[in-house]
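Participant: So you can see what is in the structure, the chains are spelled out below.
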Amino acid sequence: MSESTVLSVKNLVLNIEENRLIDDISFEIKAAEIFALVGESGSGKSLTSLAIMRLLPEVINVNSGSIVLQDQNLFKVPEYQMQKVRGKQVAMIFQEPMTSLNPVMKVGDQVAEVLKLHLGLKNRAAKDKVVSLFEEVGIPDSATRYDWYPHQLSGGQKQRVMIAMALACEPDLLIADEPTTALDVTIQAQVLELLKSIRDQRGLSILFITHDMGVVYEMADTVAVMKKGKIVEQAEKQKFFNEASHPYTKQLLEDAVPKQSLKPQIDSTKLLEIDDLKVHFPIKKGLFQRTVGMVKAVDGVSLMIEKGQTLALVGESGSGKSTIGQAILKLVNTTEGKVSYVSDENEVNLTNLSQNQMKPLRKKIQVIFQDPFSALNPRMTISEIIREGIVSLKVGSQNRKDQDNRIDELLTQVGIEPSFKHRYPHEFSGGQRQRIGVARALAVEPELIICDEPTSALDVTVRAQVLKLLEDLQKQYQLSYLFITHDLSIIPTIAHKVAVLQNGKVVEQGTVEEIMHNPQQDYTKQLLSSAPELIRKVMFA
Amino acid sequence: MNGMMMTPVFLWTDIMIWVLFVLIVIGVRQIIKDPHKRNQWRSVFASRTSMVSILVLVMYFMIALIDSVHFKVDSSTETSNHKELVSVLDIGLEHLILNSERTYSAPFALQEYSSSVVYNEQGQVQQVYLPLKNVAKHIDMDPNLVAYDVLSQVAWAFMGTLGVLIFISIIHGYFYFKSLAENTVAVKEKSLPWGTAYVTLFIITLVSFSLYSLSFDYHVLGTNKVGEDVLYQSLKSIRTGVLIGGLTTVVMLPLALVLGISAGYFKGWIDDIIQYTYTTLNSIPGVLLIAAAVLVMQSIMSNHADWFGSTEERADMRLLFLIFILGMTSWTGLCRLLRAETLKISQIEYVTAAKAFGLKPFSIIRRHIFPNLMHLVLIALVLDFSGLVLAEAVLSYVGVGVDPTMPSWGNMINQARLEMAREPMVWWSLLSAFVFMFVLVLAANLFADRVQWVLNPRSKK
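As given, the protein sequences belong to chains A and B, one line each in that order. Each residue of the first sequence is one higher than the one before, counting from 1 in the numbering used here. Each residue of the second sequence is one higher than the one before, counting from 542 in the numbering used here.
The hints are simulated quantities; they were obtained by calculation from the structure and are not laboratory data.
Some chain A residues well away from chain B (every beta-carbon gap over 12 Å; in silico):
| id | residue |
| --- | --- |
| 1 | 27 |
| 2 | 267 |
| 3 | 303 |
When the alpha-carbon atoms are kept at most 27 Å apart in a straight line, the in silico DSS-like pairs for lysine-lysine are as follows:
| id | chain 1 | residue 1 | chain 2 | residue 2 |
| --- | --- | --- | --- | --- |
| 4 | B | 901 | A | 394 |
| 5 | A | 338 | B | 901 |
| 6 | A | 359 | A | 338 |
| 7 | A | 364 | A | 263 |
| 8 | A | 296 | B | 808 |
| 9 | A | 278 | B | 808 |
| 10 | A | 285 | A | 106 |
| 11 | A | 285 | B | 808 |
| 12 | A | 401 | B | 574 |
For glycine and all other residues, C-beta sits at the position ideal for the given N, C-alpha and C.
Between the sequences and the hints, there should be enough to build the whole structure, so can you do that?
Facilitator: Dropping the structure here:
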């Protein structure tokens, strides 16, 4: 082991009963190096990190191999000493800052606890140290924030508290398990910047676990790609991005940066127009639920969608983009404004319709959801799920035999074997479920599909397939999409027009070309510059 | 009771327990039809404890069912039987009713438990233990022969049990080979612990046969203060226990379901009203509410004695009322659970998708919400069952439970209060009530545990 090696994993094999979860992986992390472990869900990257912390679930056993941290074989360390290794030598930050902090404890105390435990600092000294740590990780007004509870902090600030906690005992190695996946792009960029500067200042090694190639490009010194428990490729960053050799790596890189083929701008007829839409939710308090205020989720938005085209609605979480989709579907009540839909040459204002009057229009407007796991009722078979809309909205033949044929046809179209139609959703993978969701929407022959972040829960290769499917269907049926997303990288692939949303208001809208290459508003510029460099390189090429 | 006039009588609780039975049969048929549910329930029964538990529960339920077919007996022709209403179980156990003694006797005893004062031929006062009237006549009440007689009767029961089991296994084997030949089992299903099932069945049958055979010649579990057979009382109490456990849940279920789902789905003022209702109801102590209701009903009943044809009908009405009042006080827990779960489910995207398809609220509840609540309902039902059986015992002990004339474990325990204070102690009433109740509650709890484990999506498998 060379002088500068902090962690070395050799021939690690993890088993659960007879199944191999980690299959003979080896890698080394040097001092002050950021080592990125990349892979899709289920590839075993998080398991590797748990093995380093020795926090594996009991059912998983270590078959062979060794993990050496600073000349110390971690598998030979007794548990009571391992307590000291965790936190003091290796620290970890997690994906979900909301669940990693104790909600009933002041954030400052949570960090101070680590200091008292590992460094034996007393109350006053611990508090001072925490405040200086908070300053280091960029929490403003840190002395006051010490006494705050997790729910009072934003997502990005919570993640900063987690980082402060991890840094508290000056570890040699920081394991970051998808630390920015749950954050918005602008916050993500800040957190990544912070991690980098900490590395530079402290000479800390970071094991960075992620599925996002953009983040890897930004952060890593060395990259290892995992697939099904094996490391298929490992290289220094420049070499990795320039001369990837393994076909899987090539595929990943290709899918991570969607093809930049701008859609031709064709003039088309208007399908849906939103005019000064406002959706306000009352804040109710007290015994008699008096309204004491309003949350302005959507505050005066005007948009237009043309036939056969895609409008991408971009915004960070809480910007009101999903609420617009729900307002079009009349799933939330509109406070003010007009949603006019052109149906058979007649313009109908959806906001004035009753639920019964809306029913014939429901087949024209359908929706696809973000989470493929909650979008399908687990107690219904695939064919029941798809049939539901056909029966409820009386689309096509109401004869059961004909419907069965139609279901087969739809499943074939979205790339699912029709003989699977009597299975339940849990028997399918995430990507397959998303396809079933598409088939369900298609079943009623809609003209407009509202896609509410349909790809954000999917791995990049699956994401590419689903986007391709949506594109093919658009060409075939002249479908229009309202594509709600926070992911800038896919916009050039899918959209004709873009609208950028902030705090319930449209900041800027126009064609993809205008917005991407010539943004006018500061917020749009900020959003674009927060996108990982890898994406930016291609987008602005 | 030969040659008597017998006309069938339908008590309210009889009707209800048979309705419950039909509901269970329908439920089982539904489960068998649906491959997904079928597989789930197979894994419920794949555990040995739940196989044993369900057989015990079925045994109890069957006794309760045959005790729920009543006939009115023309009492003018009958002298020794003072009951007006008899059930099928009573007819089967007629000898236990007729063979009553004068007072306490211990299990398998040949004499009374306490000595009596008698005058002998010389006119002197003597303390003697009088022989019992209706035991061991075929061996001339010879104490030396009792052990041998009991053993030989058990041996015969053993032979009988073997015969029954061989018969059952032949039928089982026939269906097994038939399904093999037709190859109807396309997917490989979880194998069930048939060995355990047969052992349990063997023990249950052996115990029943032995008890039945011995009950002709002995008081197997002794007799109580007025000389009634304790075994008979314990068996009759099964119906009361099962009724309270089973029917109360049937009473509370519609309330909990309708109110819980409506509160969770419609939200707003509907939710407010329902929440305030159950919060209010919950803050009144359950025992207080039950005691008040029972006392009011008692006074109404005693003022209108002409409403009831017989004491049994009156006792039945009181039981029914107790079931209703227990149902009224116990729906809040499940309702709260269902409300919370409905709130959660109605936010899930498949419900939004259904709304986008223009489904009516009722259809959404029926198709998307109710099926996803079923596991909660089932778990609550099975868990509540044992709690309610125990609640009956406690309420009867306090004196606000079932009618004192109605056989129930609670009443037996209540009477045992004084018996335990006697010297020498009379322990068998309490022990019998305890054992019968314990077996039922334990079986229900073990079964509930397994159902909970299999149906709860959050349990680790």
